[in-house]
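Given chain X's structure and the hints, the job is docking chain A onto it.
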Amino acid sequence: MSDLTSKSTLTHIQRLEAEAIHIMREVVAEATNPVMLYSVGKDSAVMLHLARKAFYPSPPPFPLLHVDTTWKFQEMYALRERMATESGMELLVYQNPEAQERGINPFDHGALHTDMWKTEGLKQALDKWGFDAAFGGARRDEEKSRAKERIFSFRTASHGWDPKNQRPELWNIYNARKNKGESIRVFPISNWTELDIWQYIHLNDVPIVPLYFAAVRPTFEWEGGLFMADDLPRLEKVLGYHPEITEKSIRFRTLGCFPLTGAVESTASTLVEVIQETLLTTTSERQGRVIDKDAGGAGMEVKKQQGYF
Amino acid sequence: MPGTDVIYQTEALIAEDIEAYLDLHQHKTMLRFITCGSVDDGKSTLIGRLLYDSKMIFEDQLAALEADSKKVGTQGGEIDFALLVDGLAAEREQGITIDVAYRFFSTEKRKFIVADCPGHEQYTRNMVTGASTADLAVILIDARKGVLTQTRRHSYLAHLIGIRHVVLAVNKMDLIGYDQAKYDAIVADYTAFAASIGIAAFTAMPISGFKGDNITALSSNTPWYSGPTLMGHLEAVEVNTSAEAARPFRMPVQWVNRPNLDFRGFSGLIANGTVKPGDAVRVLPSGKTSTVTRVVTLDGDLEVAGAGQSVTLCLADEIDCSRGDVLAAADAPPEVADQFEASLVWMADEAMVPGRAYWLKLAAQTVSVTVSQPKYTNNVNTMERLAAKTLELNAIGVAEITTDKPLVFEAYSDSRSLGGFILIDKISNATVAAGMLNFSLRRAQNVHWQALDVTREAHAQLKGQSPAVLWFTGLSGSGKSTIANLVEKKLHALGKHTFLLDGDNVRHGLNKDLGFTEADRIENIRRVGEVAKLMTDAGLIVLTAFISPFRAEREMVRALIPAGDFYEVFVDTPLEEAERRDVKGLYKKARSGALKNFTGIDSPYEAPESCEIRVDTLRESPEDAAERIVALITGEFMPVI
Numbered sequence: 001m002s003d004l005t006s007k008s009t010l011t012h013i014q015r016l017e018a019e020a021i022h023i024m025r026e027v028v029a030e031a032t033n034p035v036m037l038y039s040v041g042k043d044s045a046v047m048l049h050l051a052r053k054a055f056y057p058s059p060p061p062f063p064l065l066h067v068d069t070t071w072k073f074q075e076m077y078a079l080r081e082r083m084a085t086e087s088g089m090e091l092l093v094y095q096n097p098e099a100q101e102r103g104i105n106p107f108d109h110g111a112l113h114t115d116m117w118k119t120e121g122l123k124q125a126l127d128k129w130g131f132d133a134a135f136g137g138a139r140r141d142e143e144k145s146r147a148k149e150r151i152f153s154f155r156t157a158s159h160g161w162d163p164k165n166q167r168p169e170l171w172n173i174y175n176a177r178k179n180k181g182e183s184i185r186v187f188p189i190s191n192w193t194e195l196d197i198w199q200y201i202h203l204n205d206v207p208i209v210p211l212y213f214a215a216v217r218p219t220f221e222w223e224g225g226l227f228m229a230d231d232l233p234r235l236e237k238v239l240g241y242h243p244e245i246t247e248k249s250i251r252f253r254t255l256g257c258f259p260l261t262g263a264v265e266s267t268a269s270t271l272v273e274v275i276q277e278t279l280l281t282t283t284s285e286r287q288g289r290v291i292d293k294d295a296g297g298a299g300m301e302v303k304k305q306q307g308y309f
Numbered sequence: 310m311p312g313t314d315v316i317y318q319t320e321a322l323i324a325e326d327i328e329a330y331l332d333l334h335q336h337k338t339m340l341r342f343i344t345c346g347s348v349d350d351g352k353s354t355l356i357g358r359l360l361y362d363s364k365m366i367f368e369d370q371l372a373a374l375e376a377d378s379k380k381v382g383t384q385g386g387e388i389d390f391a392l393l394v395d396g397l398a399a400e401r402e403q404g405i406t407i408d409v410a411y412r413f414f415s416t417e418k419r420k421f422i423v424a425d426c427p428g429h430e431q432y433t434r435n436m437v438t439g440a441s442t443a444d445l446a447v448i449l450i451d452a453r454k455g456v457l458t459q460t461r462r463h464s465y466l467a468h469l470i471g472i473r474h475v476v477l478a479v480n481k482m483d484l485i486g487y488d489q490a491k492y493d494a495i496v497a498d499y500t501a502f503a504a505s506i507g508i509a510a511f512t513a514m515p516i517s518g519f520k521g522d523n524i525t526a527l528s529s530n531t532p533w534y535s536g537p538t539l540m541g542h543l544e545a546v547e548v549n550t551s552a553e554a555a556r557p558f559r560m561p562v563q564w565v566n567r568p569n570l571d572f573r574g575f576s577g578l579i580a581n582g583t584v585k586p587g588d589a590v591r592v593l594p595s596g597k598t599s600t601v602t603r604v605v606t607l608d609g610d611l612e613v614a615g616a617g618q619s620v621t622l623c624l625a626d627e628i629d630c631s632r633g634d635v636l637a638a639a640d641a642p643p644e645v646a647d648q649f650e651a652s653l654v655w656m657a658d659e660a661m662v663p664g665r666a667y668w669l670k671l672a673a674q675t676v677s678v679t680v681s682q683p684k685y686t687n688n689v690n691t692m693e694r695l696a697a698k699t700l701e702l703n704a705i706g707v708a709e710i711t712t713d714k715p716l717v718f719e720a721y722s723d724s725r726s727l728g729g730f731i732l733i734d735k736i737s738n739a740t741v742a743a744g745m746l747n748f749s750l751r752r753a754q755n756v757h758w759q760a761l762d763v764t765r766e767a768h769a770q771l772k773g774q775s776p777a778v779l780w781f782t783g784l785s786g787s788g789k790s791t792i793a794n795l796v797e798k799k800l801h802a803l804g805k806h807t808f809l810l811d812g813d814n815v816r817h818g819l820n821k822d823l824g825f826t827e828a829d830r831i832e833n834i835r836r837v838g839e840v841a842k843l844m845t846d847a848g849l850i851v852l853t854a855f856i857s858p859f860r861a862e863r864e865m866v867r868a869l870i871p872a873g874d875f876y877e878v879f880v881d882t883p884l885e886e887a888e889r890r891d892v893k894g895l896y897k898k899a900r901s902g903a904l905k906n907f908t909g910i911d912s913p914y915e916a917p918e919s920c921e922i923r924v925d926t927l928r929e930s931p932e933d934a935a936e937r938i939v940a941l942i943t944g945e946f947m948p949v950i
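Chains X and A, in that order, give the protein sequences. Under the working numbering, think of the first position of the first sequence as 1, with each following residue one higher. Under the working numbering, think of the first position of the second sequence as 310, with each following residue one higher.
Since the hints were made in silico from the structure, they are not lab data. Mixed in with the good hints, there may be bad ones.
Unchecked claim - Computed cross-link-like contacts, PhoX-like style, restricted to lysine-lysine with a CA-CA straight-line distance of at most 25 Å:
(1) A:Lys798 to A:Lys842
(2) A:Lys714 to X:Lys178
(3) A:Lys520 to A:Lys379
(4) A:Lys454 to A:Lys491
(5) A:Lys893 to A:Lys821
(6) A:Lys821 to A:Lys905
(7) A:Lys585 to X:Lys53
(8) A:Lys772 to A:Lys842
(9) X:Lys180 to A:Lys735
(10) A:Lys337 to X:Lys53
(11) X:Lys164 to A:Lys735
(12) X:Lys178 to A:Lys735
So that you can see chain X by itself, here it is in the shape it has in the complex (with noise of 0.2 Å):
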């Protein structure tokens, strides 16, 4: 087979950046106020490195908005930090009151620590600021009912989504316009895969969590997975006992709350050497995440038709 790619043909990687920065600016154009959902995992890291590109040399016209469960990685509180400052945006954080009030946790209240910190806070983030399009990280790769979805999906007053009634989406045109109270998520990188996302990072030097790469870490063991011990003493208020704790060499594949998060046995402790694990597992990147088992094979489908992003 003789090699196809010739020098006036992009490769999918920079057709796939090319998409995601035109999509952004349409809904710059399009929409009275835009925000960025930033949950500091590596498709954010991806999402606002092409934000900045998109609208260089100005910042993105938009703040970032972390709809926060307090239960997040030190370490991704401080990339947040640093990400905010070095972007120029504004970024907002947003704590569910009544979560906060109940001491909803991860422990005790399993699939209700989701819907409420992450679910509903996220629908008073928007309706606190009045956000009628929200940029998100998802990918049509992820997950079942995920590539099934527009690039623009509308949600209703409520935040629903109607899977049955999508408006079609025809070419690179995307029709902004929406009725009163009705809000825009809109998905960037809706066409990229998790390798994409590795091979960008690595190609632009893209700032992510240092907890994707492997390193001695405090672990312990909890129904059945392992987890890291990242802030013990409020653990073991929650847990009600001292965990027992390993050190062990350990990396994420996906970042979440720490406690919904498996961690993974490894030595990968370079992008590449990441790269490579993450090509030669036979496991799917989700599947350290306990949201995507809930409610049967359904479970992402109907977490968005509540309004999960």
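Leaving out everything else, chain A in the frame of chain X:
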């Protein structure tokens, strides 16, 4: 020929030399394709197979798939690949595909994005969504059934939307015993059909998505077939980006980048051609020219940029250029026009209404348009052209489009970016149609408005008044004409120059060719609006009394009249009250069925969401209402609404 061992080579490379692998992956091109065909032709199964064979399915997904296959699978407990793709709960329950699903896989040569398109006719709009971004279409045929209506329909749509590469995958060969004669007959059948709709070439292959025949390796079950395999063909087919780069430069401006007083850049995605500093460019539609000084990106200025890249351009001159304008090669600019012939795929449950104003979005341009009655629609089963009054859901037709502002465009066959558009309903905001511009009917630049020496203002000044339109709307028998007549008498008494347009003086003359269908009622209102506009240009205060039941048409007229001069007067009388009065006996006729399309009975009335004046006829007499309206427009005091 590539076979399954391709994947193993990749895996070995990842393990042994990850840097080399990344370099290889980085230089891969991308092919976007769709799979389409009739219900149960095995589209989802085929995609599942492609993912499986290119090792895109992880162990945990496979375990879940095996469990699901036993529970809800349709393959008698064997792995049901379709379950990988049909992601919505309703789809898994019903075993059908409702919406497009995007799936990703890659081989050593390419990254692929595949859109799995629904087969059911009612989801055709979703199929068109998938096709609009595709370079190639895989048309699946169930070998037991041959060419079906959906096969023809989807082939036609794929061709209409400009997909240049077509693969005819004759699937389920295992179920006909890999019979070559049957395969040849299907290919011959399709060849005849393809030629009739203008598909010049396609690649046919016998496959089984379920068994894996001829997917990644040639199958021993079809020794009479010499290739290529499906995967081999997908890897080898040429992508179109190089063709786009060879055309003259065009970049629709999405956003003007102004971080400070020293920088002004124009951001956009290059649709065609290349651009470099020093190039002469023209801004359309204004036609002003300048020179590119910089091609700006975060990674540093570029020496040259081409089709498919998102960039920011700086120009040498401070010329007017904003979102919606198109930057183009100065010596080869695209056309500018305001009347077109276009092909339309109607995507809304509510049929197209000829004459109604819709938004048209093309690249970064949004304009108000009206669509004519279709010239014809295409029957996708027979490919016959049929006369039609409208376009229903999923109909494909050709119609004329008139825009309210000049549009920068190219024929869709030359440029998807500057020839493809969507239509948006002004009230619901839904995307109601996909369209492709075929050609302009006349060049807008050749049409010059006659420069008027005696202006609108001069006409008004002579009469000593501000022109205005008082647009009375409400149910039949609500009291529109009564109040409008009183207002006109009072204005006349005050020495104002007025004119009242109503059904009596319009329907019998100017609009006597119009009936009472929805389309005709809209045309009626459009003409009245245009006449009212001319009369205000002449300095008159115009009063109109028409039911004008549709919000969209009232908004259309409002858009014609200078801001502040249009007063929507909602004569609000409840249906029961209007029917009780029944001055002309029309409600009685409508109730008996003798009168069709009667507003309030079998045709809707859309009350204004906001209007300048509302008259509640149950609480305010016509005389009082008229007084209030006169006071408002002569500026004596502000209204109490």
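Where does the structure disagree with the numbered hints, that is, which hint numbers, in rising order?
-> Violated hints: none; all satisfied.
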